[in-house]
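Chemist: Heads up: the protein sequence lines correspond to chains A and B, in order. Sequential numbering from 1 applies to the first sequence in this note's numbering. Sequential numbering from 1001 applies to the second sequence in this note's numbering.
If you're looking for bench data, these hints aren't it; they were derived computationally from the structure. A portion of the hints provided could be inaccurate.
Cross-link-like lysine to any residue pairs, in silico, SDA-like; alpha carbons within 20 angstroms at most [stated by the list, open to error]:
1) B/K1321 - A/G48
2) B/K1282 - A/F70
3) B/K1203 - A/G48
4) A/K46 - B/K1203
5) B/K1282 - A/F41
6) B/K1359 - A/D68
7) B/K1321 - A/K87
8) B/K1321 - A/A118
9) A/K46 - B/F1285
10) A/K46 - B/A1230
11) A/K50 - B/T1151
12) A/K46 - B/N1283
13) B/K1321 - A/E76
14) A/K46 - B/S1149
15) A/K64 - B/R1287
16) A/K64 - B/A1320
17) A/K87 - B/D1433
18) A/K64 - B/R1318
19) A/K64 - B/K1321
20) B/K1321 - A/E13
21) A/K64 - B/L1308
22) A/K46 - B/R1287
23) B/K1321 - A/F70
24) B/K1417 - B/P1164
25) A/K46 - B/G1152
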Amino acid sequence: MANVPADLRYTREHEWAKQEGSRVRVGITAFAQEQLGDVVFVELPKVGAKVRAHQTFGVVESVKAVSDLFAPVSGEVVEANAALAGKPETVNQDPYGGGWMLVVGPSDVKEWDALLTAAQYEQFIAEGGH
Amino acid sequence: MRYLPNTAQNQRAMLETIGAGSIEDLLVRIPAKARLGRPLALPPALAESELVRHMRTLAARNADADSHVCFLGAGAYDHYVPSPINHMVLRGEFFTAYTPYQPEASQGTLRTIYEYQTMIAELTGMDVANASIYDGASSLAEAALMAHSITGRAEIALAGGVNPLYRRVVETYVDGPGLKLREVPSPEGVLDLDAARRVVGGKTAALVVQSPNFYGCLEDVAAAAELAHAAGALLVVASDPVNLGVLEAPGRQGADIVVGEGQGLGVPLGFGGPYLGVFAAKNEFVRRMPGRLVGATVDLDAARGFALTLQTREQHIRRAKATSNICTNVALCALMATIYLSTLGKQGLVSVGELSTAKAHYAAERLSAVPGVSLRFAQPFFKEFTLKLPKPPDRVAARLARQHILAGLPLRSYDRKLSDCLLVAVTERRTKDEIDAFADALTKAVV
Chain A
1 MANVPADLRY TREHEWAKQE GSRVRVGITA FAQEQLGDVV FVELPKVGAK
51 VRAHQTFGVV ESVKAVSDLF APVSGEVVEA NAALAGKPET VNQDPYGGGW
101 MLVVGPSDVK EWDALLTAAQ YEQFIAEGGH
Chain B
1001 MRYLPNTAQN QRAMLETIGA GSIEDLLVRI PAKARLGRPL ALPPALAESE
1051 LVRHMRTLAA RNADADSHVC FLGAGAYDHY VPSPINHMVL RGEFFTAYTP
1101 YQPEASQGTL RTIYEYQTMI AELTGMDVAN ASIYDGASSL AEAALMAHSI
1151 TGRAEIALAG GVNPLYRRVV ETYVDGPGLK LREVPSPEGV LDLDAARRVV
1201 GGKTAALVVQ SPNFYGCLED VAAAAELAHA AGALLVVASD PVNLGVLEAP
1251 GRQGADIVVG EGQGLGVPLG FGGPYLGVFA AKNEFVRRMP GRLVGATVDL
1301 DAARGFALTL QTREQHIRRA KATSNICTNV ALCALMATIY LSTLGKQGLV
1351 SVGELSTAKA HYAAERLSAV PGVSLRFAQP FFKEFTLKLP KPPDRVAARL
1401 ARQHILAGLP LRSYDRKLSD CLLVAVTERR TKDEIDAFAD ALTKAVV
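For reference, chain A alone in the conformation it holds in the complex (with noise of 0.2 angstroms):
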């Protein structure tokens, strides 16, 4: 069974949100990226940039396949992890740490709250992730 933890949110498309006071922390899973591969390419919004929940803010590229990422949660990019242009595979060695993406000034609270908890995502990932 893939790392889910407890206090962090989840998407359907596998992404992970954190709150670190106003702000949150966004990344893909332990169970996306197993599914992906070795990550070689992550391709991220600039700093200022406008993301809006459940659209599409960048590329994950692995030896398998290219993915788009989703944003949990709208609002403007704060932080882009810069260190994963030269370094992809932090995604695969350490998704909940080093491996993380943006940080979000969120433009609507409430949209924490329709996310999923850990426990539905477990449940989620247990009926295929799909």
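Please arrange chain B on chain A, whose structure you already have, making use of the hints.
Modeler: Just chain B now, with coordinates in the frame of chain A:
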């Protein structure tokens, strides 16, 4: 090419196999009113020797750079094609138009493309060059789309000196994604920087300049770069790579994307090509670059090898997200350029540029001394320049063509304001005698 006969016996065998009595039987379902009702009006078949004679007679009616003395340019130039090029490209191992479909099985082809990319990157002063695109015009159009993709902005500012034929191709390409083209006037033959400052702004994805431009004038690329970058836009430079043995590389003057027509690098003049689209960019934009990229790598035994390192991924997957539909390159023309540059070497390319520009300046001096003839623009030029004539240029050009001189391109159908102008190109192939004869013939033609 294989010769495939189609004898009466072959036809009978094929008809028997599919159970048809005659070829006419295959067509019965086509309504009679849609049929021609008589045989095609074709002359009788010729024997091979007769056909070759017939085709040679037709071909001899063309005016080309061997039958005439060529001062025509405007994007394709009569530079000398060294003999090793034909010798090499006709080899069976190389004689194909495309990147191979199973590329890694063709290490020799990949190696030549890798060398081509390396030389183009060095010439243009850019980090990375792709395996080539169809021609200069499609390279420029792809650069416009790429600038849009990088910046997220929807306007492309084109300097007035950009080849008008390129401009039309760009118009076609940007119509689908809905980009807006804005032209920056160049009344004095080069980009008007004040006008450019008014056009280039927060919506501009790229400022596009060509240098030397369509009229032959050299643009201030560094000033254009500064202007574009101040607005957060990219600078796209269209440049003829043959000139870059002498002229400063656009990459060292601030260009973000460099494109160009590479025909001068050993590709013979042809009516409509095939030519060579040069495309190079800064490394930070490599993921947005159209086409394909060959890279060097090592195999399991640590031996050097070559692989298709990058190709627009949407060719195979995620096609809805495509940023470009360029899925191949003009491998044979790129090979010609590779052999050309290898044959000439560093000194040879410098000589081609120095001879071309020296002869062009001699020609400009001679021709502008003809009574009534003058240089249209007071700007530095390289191997091409615009002449103002006292008589209609199309008639002058037609008259000189009868004397086996291709005088240049009458600009009337490209720019109404220059309807009294003729665009003249001079390469290293032109001799002093040919230039003097041109000046004499022009003197008589404009009296």
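Chemist: Work down the list of hints and note, for each, if the structure agrees.
Modeler: Each hint, compared with the structure:
Between the alpha carbons of B/K1321 and A/G48 the distance comes to roughly 23 angstroms, so the proposed pair goes past 20 angstroms and is violated. Taken as a hint, the B/K1282 and A/F70 pair is broken in the structure, with Cα atoms around 28 angstroms apart against an allowance of 20 angstroms. In summary, the hint linking B/K1203 to A/G48 is supported, as the alpha carbons are separated by about 17 angstroms, within the 20 angstroms threshold. A C-alpha spacing of about 17 angstroms is found between A/K46 and B/K1203, which places the hinted pair at or below 20 angstroms, so the restraint holds.
Only pairs whose Cα atoms come within 20 angstroms are accepted, and B/K1282 paired with A/F41 is accepted, the gap being roughly 18 angstroms. With a C-alpha separation of about 56 angstroms, the suggested pair B/K1359 and A/D68 falls outside the 20 angstroms cut-off, and the hint is violated. The straight-line distance between the Cα atoms of B/K1321 and A/K87 is roughly 25 angstroms, outside the 20 angstroms bound, and the hint therefore fails. Distance restraint check for B/K1321 and A/A118: the Cα-Cα separation of roughly 32 angstroms exceeds the 20 angstroms cut-off, and the hinted pair is therefore not satisfied.
Only pairs whose Cα atoms come within 20 angstroms are accepted, and A/K46 paired with B/F1285 is accepted, the gap being roughly 14 angstroms. Pair hint A/K46 plus B/A1230 holds up; C-alpha atoms about 19 angstroms apart against a cutoff of 20 angstroms. A threshold of 20 angstroms between alpha carbons decides the hint, and for A/K50 with B/T1151 the separation of about 14 angstroms falls inside it, so the pair holds. For the suggested pair A/K46 and B/N1283, the alpha carbons sit about 17 angstroms apart, so the restraint of at most 20 angstroms is met.
With a CA separation close to 23 angstroms, the supplied pair B/K1321 and A/E76 exceeds the 20 angstroms bound. Pair hint A/K46 plus B/S1149 holds up; C-alpha atoms about 14 angstroms apart against a cutoff of 20 angstroms. In summary, the hint linking A/K64 to B/R1287 is supported, as the alpha carbons are separated by about 18 angstroms, within the 20 angstroms threshold. With a C-alpha separation of about 18 angstroms, the suggested pairing of A/K64 with B/A1320 holds against the 20 angstroms cut-off.
Distance check on the hinted pair: A/K87 and B/D1433 sit about 63 angstroms apart at the alpha-carbon level, beyond 20 angstroms; violated. Taken as a hint, the A/K64 and B/R1318 pair is honoured in the structure, with Cα atoms around 13 angstroms apart against an allowance of 20 angstroms. This hinted pair checks out: A/K64 and B/K1321 have alpha carbons roughly 18 angstroms apart, not beyond 20 angstroms. Between B/K1321 and A/E13 the CA atoms are separated by roughly 18 angstroms; this keeps the pair inside 20 angstroms, and the hint holds.
With a CA separation close to 16 angstroms, the supplied pair A/K64 and B/L1308 stays within the 20 angstroms bound. This hinted pair checks out: A/K46 and B/R1287 have alpha carbons roughly 15 angstroms apart, not beyond 20 angstroms. For the hint pairing B/K1321 with A/F70, the CA-to-CA distance comes to about 15 angstroms; that is within 20 angstroms, so the pair holds. Distance check on the hinted pair: B/K1417 and B/P1164 sit about 14 angstroms apart at the alpha-carbon level, within 20 angstroms; holds.
Taken as a hint, the A/K46 and B/G1152 pair is honoured in the structure, with Cα atoms around 12 angstroms apart against an allowance of 20 angstroms.
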